[in-house]
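A.B. asks: Below, each chain spelled out in residue letters.
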Amino acid sequence: MVFSELFFIYLFLPVCVILYYVTKEKYRNIVLTIFSIVFYAWGEPIYIWLLLLSVCMNYLLGKMISYETDGTSKFGLALGLLLNTGILVITQHAGFIAENINAIAGTAIPVSENIIAPIGTAFYTLRASSYLIDCFWGRIPAEKKFSSFLLYMSLFPIMPYGPIVRYEEIRSQFICRSASIVNISEGMGRFIIGLAKKVLLADQLSLIADQFLGADNIEMQTVLGSWYGVAAFALQVYFTLSGFADMAIGLGKVFGFRFEENFNHPFMCSDVTDFWQRWHITLGKFFHDYLLYIPIFGKRRKYAGLFIVGLCMGLWHGASWNFVIWGIFFAAIIAAETALGRKNLRKIPTAVRHVYSKIIIAVSFAMFYFTNTSDMGACLKNMFFIGDGGFADALLGVSFKNNIFLIAAAVIACFPVSSFIKRKAEEYGSQRMYTFMQTAETVALCVLLAVSSVFLVNSTNEPMLCFQI
Amino acid sequence: MSEKKNSFMQSEMRPLSALRKGSEAPPVKEKRTKRTAPARVPVPQNNIGNTVMSLTGQNKVTDTSTMQRTPFRAVNRMQKVREQVNPEPVPAMHREADETERIPAPPVVKEMPERSRMHSIGMEDVPETMHGYRTEPEMPIQPEPLYEVQPEPDTENEEPEVFYEPEPETAEDPVSEPEIPEKMISETEYDEEIILEDEPELLYESMNKPVYEPKSPEYDNDPESFVQSIQREIQMSHGYEPEPVFEKRSVYPERTPRPEGYNVYEEVSAPKQESVSYRKRAVAPDLSNKAERDEFFSKYTNKPSHRHVRPTAALKNKKEQSESVLPEHKESGNKRENPFLKRENPFLRNNKKQESISHAAEEEQQETETSEQIRQPAVENVRPEMREVIEGVVRMQRLERESAAEMEKEAVRGSKRFHTIRGIAIMGVTILTGVFMLAGEKPVYSPQENRAIAKMPEFSVQSLMRSEYTHGISGYFNDAVPMRSVFKKAVSVMSNLKGLPEFDKNETAFYGSAAEMGEAPEKALEIGESVIINNLRAMSLYSGSQGGEERYAELINEFTKSLPDTAVYSMVAPTAVSFYLPEKYQKYSASEKESIDKINILLSDAVPVDVYPILAEHKEEEIYARTDHHWTSLGAYYACEAFVKAAETDFTYKTNLTANTFSGYVGSMYTMTGSKVLSNNPENFEYFIAPGRYSTEYYDTSFRFMDHGKLIGSVADHSPVNYYSVFLDGNNNIVHVTTEAGNDRTLVVFKDSFANAMIPCLTTSFSDIYVCDITTFELNAHDFCKETGATDVLFAVSTFSAAGENLDCLEDIITDNAE
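Here the protein sequences come in this chain order: U and E. In terms of the working numbering, the first sequence has 468 at position 468, counting the first letter as 1, and numbering is strictly consecutive. In terms of the working numbering, the second sequence has 642 at position 642, counting the first letter as 1, and numbering is strictly consecutive.
Chain E with its partners taken away, still in its complex shape (with noise of 0.2 angstroms):
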């Protein structure tokens, strides 16, 4: 095997000018001479990126679905009538000719995927060296003596130090040539002249072979991976395109569409006992090679890499006729200098690239005609039957590259454009939307979401250090955007998107956490947390929580101990869930009945209130809202009936009660799910007005005097989502309501929002009404009843305050604040 590769390296490192030309064959050895001025890089620049690209093995799986299709018409026929005429392989001299099919195959790079297994962890090879790869024994290939080899140097230490600390460009060194070895150019370049009609397999062979074969002793620190930094970085620096490590790349240039037909000159897998290929061909440098490595390396450092070997004027002179006949590559214009070497104006940015492309033509022409040149003397040799087959083959495929090349021309600039454009588009759109969202109007309120829109942050240092004023600034941008509504319904109307369209008005769906209950949770469930929509009307599910129901009487019972001569209710409602959810979801919601009468007989002193069978025996009647989480006025008045009941006082009845309704109404749940359901379904909103005149005083939370105002606000003040807050007015204190029930009776109501729609109907069984919400109280309960003399004192809560986070509130209110 090396025995026949080292024939081959030799018999392809013949001086090819003398095979050209014919008449002078150049010495092949040379004695140094000077120069004057270092040239540079003898491999051709066009050469860099098939060469990078292959050797970094990304692009080593060709698209072989696009090789297969290429419907060279001309080739098919031609391969039939050869294999009928000629069973035999055509002659060398003659194969010129069927190019297309016979374009080597790609290097093979055989180690690659496990290499690129191995960055991951647990992959199955462990690898000896430090940094994971395998180190295999070298089998150096000997180069002919055709030039004068000097000591090596010892590169193990200075060969990266050279790469990565690049000098600027150096003055004239007369020592200091670029030299490369024969067998690099030999390589590199296209030998379109080699004729091997004995060893076709071997040629093969040697294109076939890894190109990450051993690695020589000197980077035995971890030679690949430095290989792999470099074509990395000149990859990056030369701005190819990186390719994605794991998709199969097409050979074409990327955003280029591809034409029929177009992959003339790209490579073709062909089968490997009869291609040998006469085609023009890049052979990536053999970077296990010292030699062609050194040289690969020189390209990127402006130290000449190896000073003892000596190029022939054999080897210039094959440099200089290789370059001229170069074929047509993507990135063939791409003529940048080294960055590293012109550090003072390190940008340079790729501007050759549409260069390339307009003397894609030139060069394409340039190109077939030099093959033209070669083969016509081809046609002559071949069998008379055969000529007439392979010139109409020459000829279609010159048809076919130029028209190609046009087709490319075309494409890349339709490309160009289409990226133009979606540049331009997507940019367009960004700052418009930006400048939209600095220009426009900006809300201040939401009232989807009954809060306000939030506001630009002052400046202080203080923000700023602790971060609030950035937050800030951003929260606002975020949050303020104008036609926020609009949005934020079109949010809703695309979140019905996500499932299957409602069928019918019995569509459940689940907002929020949900499980089915089984014991009761450390921590409550607080409404809206986990919501159920079933038949047009939104339950929030209820966890009760462990020894809240204990808590909560325990609370009421010292409340009540504090007060000996105040009779103190306490009322526990139950919220719709009780009352609508369907059997079949009963299991994610524990019972709030349950709740309810635990804690009834828990309360020693005080008078429990229960309104559950009150609510049950209505609850084919409007007593809870559908889309907001409270009752109804309707509930509520039930729940007063059952209260004045263990009151003991007078009471205004249905029938005496004026109600006002109104429509459109949609309440908290649908902020809370969003549900188009909802929105969709709105219901009515009433409240009763009782007869008699009562006045109406609001106080702050520490019961300091603010206002007159209405115990019944206007619904037109609110939006659809907060009609409920037309109780009290929306007013979250302390409420004082005188009435003329005329009977000195004085109730303080310390209550959750649930107990707003219950005043109204009180204001004849009480001469005096203090309403205060647990939540935001601030003073000591049992001192705020001495102080307003309060004969009757109503605890009126939900399940959920009863049982949740809302009971830390009650028990500041009691016990904390005491003075």
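Extracted from the complex, chain U is given alone in its bound form (with noise of 0.2 angstroms):
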């Protein structure tokens, strides 16, 4: 199940928000825990077993690595740590590795097309490992309840997409936590802001990303194309990821939680460290905290460190060679700026570092989108004018006239619009002001949320030819 389906928004949420409101505080927890657990075995009625196996071992775990001998918990922590990762790889790499085995050794191991990893893996080893790590640091003691750690594991509004929340962050939450129509008010309000940027932004860039990425012949693409492609994914991606992220956010504020932010517009970033503080913020929180700073390399480490970050992040967003090569060119990046120094990067113009950053990402974005490197090769080079596309073509002025006030409106979300006007009415100041953009933001939520509906509605178009051609 995901967030932007009718099922989800129209059978599954309200059944879960009114039988929680329904519910005793103290049962609260339950019912919580109860829907989480239907929302995953709903979508994966096998990979619940593997997510309810990781909740127990870790919370063993847990309390083997708060226990005082240092070796005990040393040794819980490397077991909880392979572990998960095991988990990790195997479920989302285990093709990826075979058939870097079958190329490099020659060998027949057999490897299924159509192996789909279960939603969410990639999320809950993070949040076990996490704990794991913090108990291992003393950061927070080894949770007692198993009820509390399972909810914890489990929480669905987290579950298929992030943020990736840190134990300590939300332990307090378990415990006490408000409930009040205002907190529905908030959380369906982020909710439906995400779902637009899902269904009505990202969905239908992604048209456009496929019109002008995913010819066969991609070689033959033109320079502006090919940019023009490469920005529209951008784009999608982002919107995807914030929009599911600001569901996630507004899910658990429905719910009483406070949920970090993910992301920070980050294509208002004047450099790639920026934004790469703006982009997916807790999965880069992650990556630095536990990571960064492993002292392996000695001195050298805050170089390396970024390189092992980077190939680590590529292989997690996917188990494909152009994933390792888009973190490794990050790291390098960022790397490069590190080692300018920021106060030397400031001293280059804001607008020169903003087109700068803004290449580099759409660098990135092509290598995110071609899992077959030759293409990626190829788009590449018709980027840079190498390519064999020519400059521009009619099909680039058709589909940007056909699409202008999408795009339009996609680059203004990309900047914090809403928030503006809000403060600029705020300081207007009037009580008249005030209940006017009260009410237009409600009316705009509740035709965002019939819009995004519609678009829905039409998600399951299939047409069926009348005829095999």
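Among the clues, some could well be false.
Covered stretches of chain E (chain U as the covering partner; in silico rule of three or more C-beta atoms under 8 angstroms from a C-beta of chain U) [to be verified]: (1) 424-438; (2) 476-488; (3) 551-559; (4) 584-597.
So the derived list for chain U, only partly shown, Cβ under 10 angstroms to chain E, looks like this [unchecked claim]: (5) Leu13; (6) Glu99; (7) Ile101; (8) Asn102; (9) Ser180; (10) Val182; (11) Glu186; (12) Leu406; (13) Tyr434; (14) Leu449; (15) Val454; (16) Thr460.
Label-pair restraints from in silico Cβ distances [said to hold, decoys possible]: (17) E/Glu458 with U/Val411: 44 to 50 angstroms; (18) E/Ser463 with U/Val89: 28 to 34 angstroms; (19) U/Leu53 with E/Lys455: 32 to 38 angstroms.
For the record, the hints were derived by calculation from the structure and aren't laboratory data. C-beta: ideal position from N, C-alpha, C; glycine also.
Hints given; two lone chains; assemble the complex.
C.D. replies: And the structure:
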């Protein structure tokens, strides 16, 4: 089950919210746990057992780590990290590894094309790892209540797409959190904004991206066409991920949780380092806190650590070489920026920095799009005038004209426009303006919900040709 | 610097009650005395919110726009007057009046921006500790030994444990009293009576001192993250709004509109040099100071953190007094118990909020009175020319304060009301839509897509384990939406809002992937995969494929060799893109003519039927549908003409055919693109009926008789997108047509859907016609022709089939299914 489907929005969620709010406060965690399990089992009836196994395992390991003896806790940590990474690798990367072994060693390990990684594994294994490491470092005590830990690991708002919430941030919320109509209002508002981002922007932008990058003969794409397609894809990824993050935060708020923000208008960044401080923040923090400064590289750890993080981040995003290249590419850029130094970087004119960072980001998304590295190379060639496709063509003009409002809306949505408007209205300061703004917001949210839902009806669109051609 | 600071600390730590009451000066030191119940938490509750907020550094940026906006005309006026009359700073005693402009700036947290940056990779400064936090040399501020100091317990290992594993409410513990250092109180509370005429800047200095200053060695492992985690936890557990990390936030409560001039009590930045404020102020506990930190944490453990310090009676008095004059803050009513102490009923709700709002006015009143009393003597000592001004300001402030409190009440109420409306509206819409989707009449067929709507799956353990059952249920719910076709039309309309409205009929749009055609790709584009709409006509772009033509010709040659006595014809039909694609878009499509010619050259034994020239000749007529990927009956007719010429048999020419025409045809291209251009411009659908009688039998794909039927179905039975399905009545299996042609020739047609429209025109040319769809045919083509006694075999497919995926089907029926 995903958040952006009618079944979830109009059946699962209302039932869950109603039951949550009619239940006595002390049983609400139980309601939420049950719904979280159902949510996960709905999509992955088999992998739910893996999740439950992982919960039990990490719960016990957490207790083991918090033992006084140093050896026991170190052993517990090592075992826990190994098992969590194992789950992640086996579920996500088994096919990739087998393919590469086949390619290198010439073996014939059968690789099924249809392996679909269970949803949420990438996120809950990271959550579990952060919990264990935090226990080891003494930042948090091992959780005594199994039910709390189960809820932490299975909580459905953060299950499929993050954010990677840490236990220390959320443990007090399991004990005490507010629940009122204000929560529902704010949370559902945030959810609708995320839904609109996903359905109205990301899904529509994906049509453009596929049109310009999805063609089989990508090497014939033009220079501007490649840039246009890559830009559309970058926006698509941003609106998909931030849309899901908004939905997660909104759903959390409905149930009284407060999760960390995951995106902070990343395309407003002035340099690539800045970009990563605004893009998928919780993931960046996770790798930064737990991986970047592992003291295995001595004094060189600053740079070597970056490359390790880049590699891991790439592999985390997907089991394919292009993601590895993508991660290493970012690590190299950030290492270069680090080597240059922030002060020196700031001396460069702002406009130049912005242009530079956008070019780097576009290149990175071109790497992100093509799982086939030769297509990736062709696209990058096209982007930098080395391809065969020419500069521009009629197709680009037609597509731009046909999508101009969509593109404009997407670009505007990359900036904090709504908060700007709200602030201006607040500065105006009259009660009438306040009333107007509140009413307008409510109406806008309802309209967005309705329009998104109508588009979701169309998502099952599968025209069948009247005959096989 | 530190010397100055210390001196300030000392002055600040004078027993304040002595200043206030004058007469009785309680002893500063006092020996430990037994107490019966542990009194917890000496820090006023009201303070916590502010403290935490400022410590986390998230609200350190106050909304400067609001601050500048504050239209205290009176204050400004007064400032002007003061500047004119008395350029010197107003003496301390008199400054009480202009408190509004001299409210201390909030504690500045110097390190926070860098810290928050450090959370992501790639920051410049590499911290030295494991967790990435810089440690700086400690600058301990030793308080005066006003209290008895016992040797400190080793808190390094103890503290976190104390915090994280709270015990239930402890019984009376005579020893473990919560005690606080005096310094703590003096800073945490509102030291309204401190008069520092001599060293105003020092006061400011202390107020501006960074909260995250040097750490103490106790937490050298990672003191700050520990502190942070606790702050976060406190924040969460008290239900405070966690501030978004990146946005500047106003000091106002969220959802509260700011009335003009409301921020009487809020921080207003003042010039550093002259702003010595005597306003009541809250100072965040300095967590770098061990005593304060212990005190701060001890609130959240019920063990007092340092047993070696005992409060003096003066401090206790001070505490009581200070609690009574706390200024009104947003969180002032938030007097919840510490959730960690009440494990048995942990779900404490934030139910005091309303109460706090209703009490706001009372507190306001109380506050005002208190400040009035304090102010009164101040005014007396002012020079006569200033007195009037100051009194005026005081009066105005009071009025403003009252109205501000009133407005806040109203505003908060309003905000809550709007949220209630919004919450109910959204949840109402959601629930009602859910009910509508469950209870509404569900469609079973989608005419626009020509497919059956998903059905409720049947339960079985196996399907449950394979997640088919659950996915089936959600798929059913997502698909079988009541009024689905209406919504789909709405989507079509709304999708057109993505771009500029159409200006003329020559509008061009692309659907699906498209790029210039260079070398033919490995895998051919399928019909509908890449569509261009131009001049109201939708065309599927053709790509060809590497080796597709060769493979097709090879298969036909192989088949021809296996049937030496039978005439085999191959007709590869071009599509609309060959004839109607404008010149400037030619490069997006490969040439169908080249593919057809290539095939025809490669055919060694079979007879090629080249329909391209005859179609090109008639391209001004309506030979291809505009809204469908097929040709029209007329196009099929010309193809038949070319075929019959090659097969040398009879043919009924157009003049003798009966044409039936239906309007409102919007074909398959509309379902593929959803284009409004197509749906707004339907075309006519036409089919021909040849003279003479014939009977039609339907067989299944394994050539088992099923039913008698019609060669051309009724248009009324089909939706406008499926009018093409009237040929062979939409049958995809094997169709046998027996005619009155009487020439004893049996034609077997292996075809894709393009040939469907041809069959009615051939009923006068062959006695028996067997029509087999290559995509569904399950037998071996050779055996089938033998069985039916075929004299002529026609392979009639479009270029997309000849070079695309359907080649696999062709290969199957020619080679694989041989018995």
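A.B. asks: Which hint numbers doesn't this structure obey?
C.D. replies: Failing hints, ascending: 3, 6, 7 and 8.
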